[in-house]
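**Student:** Take a look at the letters that make up each chain.
There are 2 protein chains.
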Amino acid sequence: MEMKQLTFSLQSSLLLISLIFVTTSVSFKIPRLSPTGGQFIHGNYWTQSRPSEASSPAFDPKDFQTFYYNQTLDHFNFRYDSFNTFQQRYLINSKHWGGSNISAPILAYLGAEESIDVDIPIIGFLPENAIHFQALQIYIEHRYYGESIPFGSREVAFKNASTLGYFNSAQAIADYAEILIHVKKQLHAEHSPVIVIGGSYGGMLASWFRLKYPHVALGALASSAPILYFDDIVPPETGYYSIVTKDFQEASETCYQIIKKSWSEIDNIASKPKGLSSLGKKFRTCRRLTKSSELKDYLKSMYASAAQYDGPPNYPVTVVCAGIDGASSTEDILTKIFAGVVAYTGNLSCYVNQPKSLTETDVGWGWQTCSDMVIPISVNNDTMFPPYKFDVDEYINKCKATYGVPPRPNWVTTYFGGHDIKLTLSRFASNIIFSNGLRDPYSIGGVLEDISDSVVAVHAKNGSHCLDILTSDHTTDPDWLVNQRKSEVRIIKGWIAKYYADLQALQ
Amino acid sequence: MEMKQLTFSLQSSLLLISLIFVTTSVSFKIPRLSPTGGQFIHGNYWTQSRPSEASSPAFDPKDFQTFYYNQTLDHFNFRYDSFNTFQQRYLINSKHWGGSNISAPILAYLGAEESIDVDIPIIGFLPENAIHFQALQIYIEHRYYGESIPFGSREVAFKNASTLGYFNSAQAIADYAEILIHVKKQLHAEHSPVIVIGGSYGGMLASWFRLKYPHVALGALASSAPILYFDDIVPPETGYYSIVTKDFQEASETCYQIIKKSWSEIDNIASKPKGLSSLGKKFRTCRRLTKSSELKDYLKSMYASAAQYDGPPNYPVTVVCAGIDGASSTEDILTKIFAGVVAYTGNLSCYVNQPKSLTETDVGWGWQTCSDMVIPISVNNDTMFPPYKFDVDEYINKCKATYGVPPRPNWVTTYFGGHDIKLTLSRFASNIIFSNGLRDPYSIGGVLEDISDSVVAVHAKNGSHCLDILTSDHTTDPDWLVNQRKSEVRIIKGWIAKYYADLQALQ
Numbered sequence: 190m191e192m193k194q195l196t197f198s199l200q201s202s203l204l205l206i207s208l209i210f211v212t213t214s215v216s217f218k219i220p221r222l223s224p225t226g227g228q229f230i231h232g233n234y235w236t237q238s239r240p241s242e243a244s245s246p247a248f249d250p251k252d253f254q255t256f257y258y259n260q261t262l263d264h265f266n267f268r269y270d271s272f273n274t275f276q277q278r279y280l281i282n283s284k285h286w287g288g289s290n291i292s293a294p295i296l297a298y299l300g301a302e303e304s305i306d307v308d309i310p311i312i313g314f315l316p317e318n319a320i321h322f323q324a325l326q327i328y329i330e331h332r333y334y335g336e337s338i339p340f341g342s343r344e345v346a347f348k349n350a351s352t353l354g355y356f357n358s359a360q361a362i363a364d365y366a367e368i369l370i371h372v373k374k375q376l377h378a379e380h381s382p383v384i385v386i387g388g389s390y391g392g393m394l395a396s397w398f399r400l401k402y403p404h405v406a407l408g409a410l411a412s413s414a415p416i417l418y419f420d421d422i423v424p425p426e427t428g429y430y431s432i433v434t435k436d437f438q439e440a441s442e443t444c445y446q447i448i449k450k451s452w453s454e455i456d457n458i459a460s461k462p463k464g465l466s467s468l469g470k471k472f473r474t475c476r477r478l479t480k481s482s483e484l485k486d487y488l489k490s491m492y493a494s495a496a497q498y499d500g501p502p503n504y505p506v507t508v509v510c511a512g513i514d515g516a517s518s519t520e521d522i523l524t525k526i527f528a529g530v531v532a533y534t535g536n537l538s539c540y541v542n543q544p545k546s547l548t549e550t551d552v553g554w555g556w557q558t559c560s561d562m563v564i565p566i567s568v569n570n571d572t573m574f575p576p577y578k579f580d581v582d583e584y585i586n587k588c589k590a591t592y593g594v595p596p597r598p599n600w601v602t603t604y605f606g607g608h609d610i611k612l613t614l615s616r617f618a619s620n621i622i623f624s625n626g627l628r629d630p631y632s633i634g635g636v637l638e639d640i641s642d643s644v645v646a647v648h649a650k651n652g653s654h655c656l657d658i659l660t661s662d663h664t665t666d667p668d669w670l671v672n673q674r675k676s677e678v679r680i681i682k683g684w685i686a687k688y689y690a691d692l693q694a695l696q
Numbered sequence: 190m191e192m193k194q195l196t197f198s199l200q201s202s203l204l205l206i207s208l209i210f211v212t213t214s215v216s217f218k219i220p221r222l223s224p225t226g227g228q229f230i231h232g233n234y235w236t237q238s239r240p241s242e243a244s245s246p247a248f249d250p251k252d253f254q255t256f257y258y259n260q261t262l263d264h265f266n267f268r269y270d271s272f273n274t275f276q277q278r279y280l281i282n283s284k285h286w287g288g289s290n291i292s293a294p295i296l297a298y299l300g301a302e303e304s305i306d307v308d309i310p311i312i313g314f315l316p317e318n319a320i321h322f323q324a325l326q327i328y329i330e331h332r333y334y335g336e337s338i339p340f341g342s343r344e345v346a347f348k349n350a351s352t353l354g355y356f357n358s359a360q361a362i363a364d365y366a367e368i369l370i371h372v373k374k375q376l377h378a379e380h381s382p383v384i385v386i387g388g389s390y391g392g393m394l395a396s397w398f399r400l401k402y403p404h405v406a407l408g409a410l411a412s413s414a415p416i417l418y419f420d421d422i423v424p425p426e427t428g429y430y431s432i433v434t435k436d437f438q439e440a441s442e443t444c445y446q447i448i449k450k451s452w453s454e455i456d457n458i459a460s461k462p463k464g465l466s467s468l469g470k471k472f473r474t475c476r477r478l479t480k481s482s483e484l485k486d487y488l489k490s491m492y493a494s495a496a497q498y499d500g501p502p503n504y505p506v507t508v509v510c511a512g513i514d515g516a517s518s519t520e521d522i523l524t525k526i527f528a529g530v531v532a533y534t535g536n537l538s539c540y541v542n543q544p545k546s547l548t549e550t551d552v553g554w555g556w557q558t559c560s561d562m563v564i565p566i567s568v569n570n571d572t573m574f575p576p577y578k579f580d581v582d583e584y585i586n587k588c589k590a591t592y593g594v595p596p597r598p599n600w601v602t603t604y605f606g607g608h609d610i611k612l613t614l615s616r617f618a619s620n621i622i623f624s625n626g627l628r629d630p631y632s633i634g635g636v637l638e639d640i641s642d643s644v645v646a647v648h649a650k651n652g653s654h655c656l657d658i659l660t661s662d663h664t665t666d667p668d669w670l671v672n673q674r675k676s677e678v679r680i681i682k683g684w685i686a687k688y689y690a691d692l693q694a695l696q
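Respectively, the protein sequence lines represent chains A and B.
According to our numbering, the first sequence is numbered sequentially starting from 190.
According to our numbering, the second sequence is numbered sequentially starting from 190.
Please keep in mind that the hints were generated in silico from the structure rather than gathered at the bench.
Watch out, some of these pointers could steer you wrong.
For chains that are exact copies, the list does not tell them apart, and a pair is met inside one copy or across any two.
To be verified - Here are the simulated BS3-like pairs of lysine-lysine, each with C-alpha atoms no more than 25 Å apart in a straight line:
(1) K589 - K682
(2) K682 - K348
(3) K450 - K578
(4) K687 - K251
(5) K374 - K611
(6) K373 - K611
(7) K449 - K374
(8) K450 - K348
(9) K687 - K578
(10) K682 - K449
(11) K284 - K587
(12) K578 - K485
(13) K471 - K374
(14) K578 - K435
(15) K348 - K675
(16) K682 - K611
(17) K373 - K545
(18) K463 - K284
(19) K687 - K611
(20) K374 - K435
(21) K589 - K450
(22) K449 - K348
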């Protein structure tokens with residue numbers, strides 16, 4: 190184990206990726222999956238203003254040690270190339286650990302589509318609960334993100350499908366298995382129960398990890414993990430944008446109506462001579478609009494982001510609607526919409542079409558959505574958005590054009606399942622919490638019903654994306670959120686207690 | 190689905206492989222894992238004389254249809270090459286199937302390290318029980334065996350690690366998942382419960398399949414599956430050759446003593462001038478011996494094979510010992526041993542060092558034991574054999590020298606588990622039968638204790654390798670074997686009944 194003092198480099202995680210051959214156009218219909226939303230393509234309110242983005246009082250960078258594991262490039266192949274290795278980063282905080290002699294637990298955060306540096310300061314669940322579990326904390330970075338880049342450099346790793354091919358969820362969880370086995374061995378903690386924790390895509394990884402590696406992890410907390418948003422499991426009459434719509438309609442019927450009417454108004458103006466220029470002026474765009482979809486995509490992303498992260502203390506959906514509803518009733522529709530934009534983003538020198546660079550997450554998630562993470566998001570007729578039917582063939586062609594290889598839209602359900610999940614798992618598997626906030630549009634692809642006594646759904650009607658695992662704030666967190674977290678801790682303690690009883694009985 | 194009439198080509202499965210660059214020397218310490226033993230490196234009694242090798246009366250080639258599935262070369266990678274496909278063969282027998290409208294069950298035999306043609310006629314469990322389950326029977330060939338060869342030809346597929354790399358157990362069970370999902374879809378039988386069945390290596394695949402793809406298979410019958418014979422799970426004081434020894438000692442103490450003394454006698458003679466020639470004469474070897482290990486390896490394999498397949502009606506261990514014990518007491522040790530050889534193999538024009546060609550199984554299993562199937566078989570001091578300590582470094586070096594890539598001795602336990610299996614699976618997983626015959630030396634690496642109510646061990650004190658799934662013979666099968674099979678069927682019926690109840694409750 191090579192050791193290094195932890196130096197947080199949030200800057201480096203915002204590294205600008207200049208590999209312009211990668212476009213995110215194919216995936217713009219798939220809102221970014223992330224606990225933080227920090228890199229949501231069009232920016233969002235949440236990370237700019239949520240007080241708890243400031244890291245938890247329980248979090249202290251000095252408590253962390255950084256390690257690098259010599260990771261196998263391809264776990265499932267024995268070609269010469271498969272044996273190449275890369276340095277995979279993980280961090281350990283043993284401040285509260287009870288030690289191997291009592292087989293004290295391990296809380297393992299499974300990294301997702303960003304540098305682990307982004308997550309560590311904001312995932313409060315581990316540092317806040319480690320003391321109650323006497324738990325070791327470990328945070329593992331996902332391959333191809335942060336410092337855990339194969340092939341020696343980001344340039345080579347992201348060059349094309351021959352180097353990107355190893356970048357997928359099955360390989361990622363095999364990485365986690367190897368590292369957790371290695372760490373337990375190093376610490377002589379073979380019998381320490383491991384609880385894996387992840388949010389969003391990382392939450393999917395956590396639940397899949399428990400399903401595929403029950404001998405490595407005793408249980409999983411899968412926060413806002415839309416493991417059912419694959420194939421045709423989400424019924425066609427609902428979907429991500431249906432929940433966004435519901436959130437807005439519940440916040441304000443007038444706001445919802447205005448948004449609903451705004452799209453044809455935009456099209457209408459855009460179709461007139463100098464219409465784009467007129468729209469540009471109205472929305473004070475940073476650069477001139479070249480097509481109306483630039484504006485519409487911006488707005489769609491803003492509403493989606495507001496809904497996905499519609500949590501305390503500011504509830505961005507309410508903020509957007511306060512802007513829209515607050516505009517004088519005599520104003521035209523798009524002036525009201527713009528008031529919503531300003532309310533959401535704050536006062537800026539310009540809006541829409543901001544110059545932006547692709548982040549490593551944009552690039553990485555762009556590939557992932559074109560390999561195994563094919564999340565088929567349609568926009569139904571009954572939403573406040575222009576309808577859009579996900580077309581898998583078109584999607585495949587776009588991915589092929591970008592990467593030279595097609596995605597595998599059925600692989601997730603083949604490998605991890607999802608269809609008839611209650612039927613298939615009610616007498617198989619154990620110890621998974623699927624937590625969801627029902628305001629989070631991704632919750633429509635989440636597990637919202639208990640599957641069995643120990644594969645359970647915990648959801649909060651007013652919750653948003655990954656809220657439960659983020660740093661808590663005792664001044665602003667509502668009771669239901671405090672209780673949700675307590676209930677999750679209680680469930681996990683139950684698993685661990687049973688495990689210790691089993692361990693004792695078998696020894 | 191391309192269809193083809195089934196034409197059994199047992200001949201083709203005995204195809205001589207002339208790829209002489211592949212040696213099996215690195216794996217000779219690992220007795221072949223197979224329900225049939227047909228290609229056990231040094232031949233064996235069992236397939237030559239067991240009456241039930243004649244196929245089951247329930248088996249009729251005309252009932253089978255052959256299909257080929259366009260299989261993905263690499264399920265876990267998105268490199269360009271990963272998308273190559275090959276034609277994977279599977280056969281369906283729908284004679285007794287109750288149909289999709291009643292979601293009648295599917296019994297799926299998971300092919301192992303041989304052509305599926307070898308297994309179909311002798312795996313009686315499916316044809317004999319299909320009628321009781323109203324089950325569809327499906328038999329799937331393992332990649333790189335039989336007709337299911339990637340890269341267009343055996344020559345290319347087996348050329349070196351760059352084409353062999355895709356040949357491993359994780360890829361193989363992913364193949365099975367794809368085919369079973371495909372078949373269920375084609376037959377509109379999405380809710381038909383699938384029971385996977387396999388023997389030996391195929392039994393490992395069956396149990397691992399249930400663990401990794403519970404959404405595809407409801408349950409698994411894993412016959413003689415030594416899933417614990419990896420890493421250091423089998424305790425050092427026992428092992429494969431300890432069970433061989435026990436079998437012989439139980440059959441005849443004198444026989445055991447003679448075998449035990451024979452090794453030093455062979456060494457003794459071999460060390461004398463013209464000693465090898467003298468040994469060659471005594472054992473009527475087909476070609477002259479160039480070293481005494483040729484004779485010793487032959488004998489070791491014969492004893493191992495006799496023990497592994499020590500089943501009714503002939504019980505080859507008893508046959509060997511009858512030969513040894515039947516020789517006149519005044520004869521020398523090696524004359525007695527030779528009498529055992531003759532008793533086991535029958536009257537041949539010559540013995541030992543027969544000219545032989547590598548079968549496709551020799552070649553395929555040679556690779557598999559040098560990639561993920563690293564079964565660390567030592568020979569302990571208390572056996573009737575010369576002791577041998579499995580040396581993982583030496584093993585790795587031999588594999589590297591042969592294939593240019595090392596094996597991954599820890600991969601099976603990383604991916605599939607095995608350590609503390611009761612602790613890890615007692616509250617996870619369901620519906621697996623681990624069946625073993627305790628005379629089978631591989632049973633020492635099997636699961637011999639119930640793990641939970643539905644992950645159960647069924648073992649027969651006098652059973653041998655895979656006996657329960659082979660064609661039954663009502664004239665010679667002992668009661669315990671008949672009862673073992675009945676008990677397995679009863680357990681599987683219980684799983685299916687619960688499944689149908691769940692299905693009804695959820696619909």
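**Student:** Hint by hint, say whether it matches the structure.
**Tutor:** Hints versus structure:
1. K589 - K682: Neither way: K589 and K682 sit 46 Å apart in one copy and 46 Å across, limit 25 Å.
2. K682 - K348: neither (45 Å within a copy, 53 Å between copies)
3. K450 - K578: within (20 Å within a copy, 78 Å between copies)
4. K687 - K251: neither (34 Å within a copy, 53 Å between copies)
5. K374 - K611: Answer is between: at 19 Å across copies they meet the 25 Å cutoff, but 35 Å inside does not.
6. K373 - K611: between (32 Å within a copy, 19 Å between copies)
7. K449 - K374: neither (57 Å within a copy, 40 Å between copies)
8. K450 - K348: Intra 43 Å, inter 64 Å, cutoff 25 Å: neither.
9. K687 - K578: neither (47 Å within a copy, 39 Å between copies)
10. K682 - K449: Neither: 46 Å inside a chain and 55 Å across chains, both beyond 25 Å.
11. K284 - K587: So K284 and K587 fail the 25 Å test inside a copy (48 Å) and across (45 Å) alike.
12. K578 - K485: within (17 Å within a copy, 70 Å between copies)
13. K471 - K374: neither (62 Å within a copy, 53 Å between copies)
14. K578 - K435: Only inside one copy: K578 and K435 sit 19 Å apart there, 68 Å across copies, limit 25 Å.
15. K348 - K675: neither (45 Å within a copy, 58 Å between copies)
16. K682 - K611: Both. Shortest intra-copy (24 Å) and inter-copy (21 Å) distances satisfy the 25 Å Cα cut-off.
17. K373 - K545: Intra 42 Å, inter 48 Å, cutoff 25 Å: neither.
18. K463 - K284: neither (63 Å within a copy, 72 Å between copies)
19. K687 - K611: Both ways: K687 and K611 sit 23 Å apart in one copy and 14 Å across, limit 25 Å.
20. K374 - K435: neither (49 Å within a copy, 35 Å between copies)
21. K589 - K450: Classified as neither; 35 Å inside a copy, 68 Å across copies.
22. K449 - K348: neither (41 Å within a copy, 62 Å between copies)
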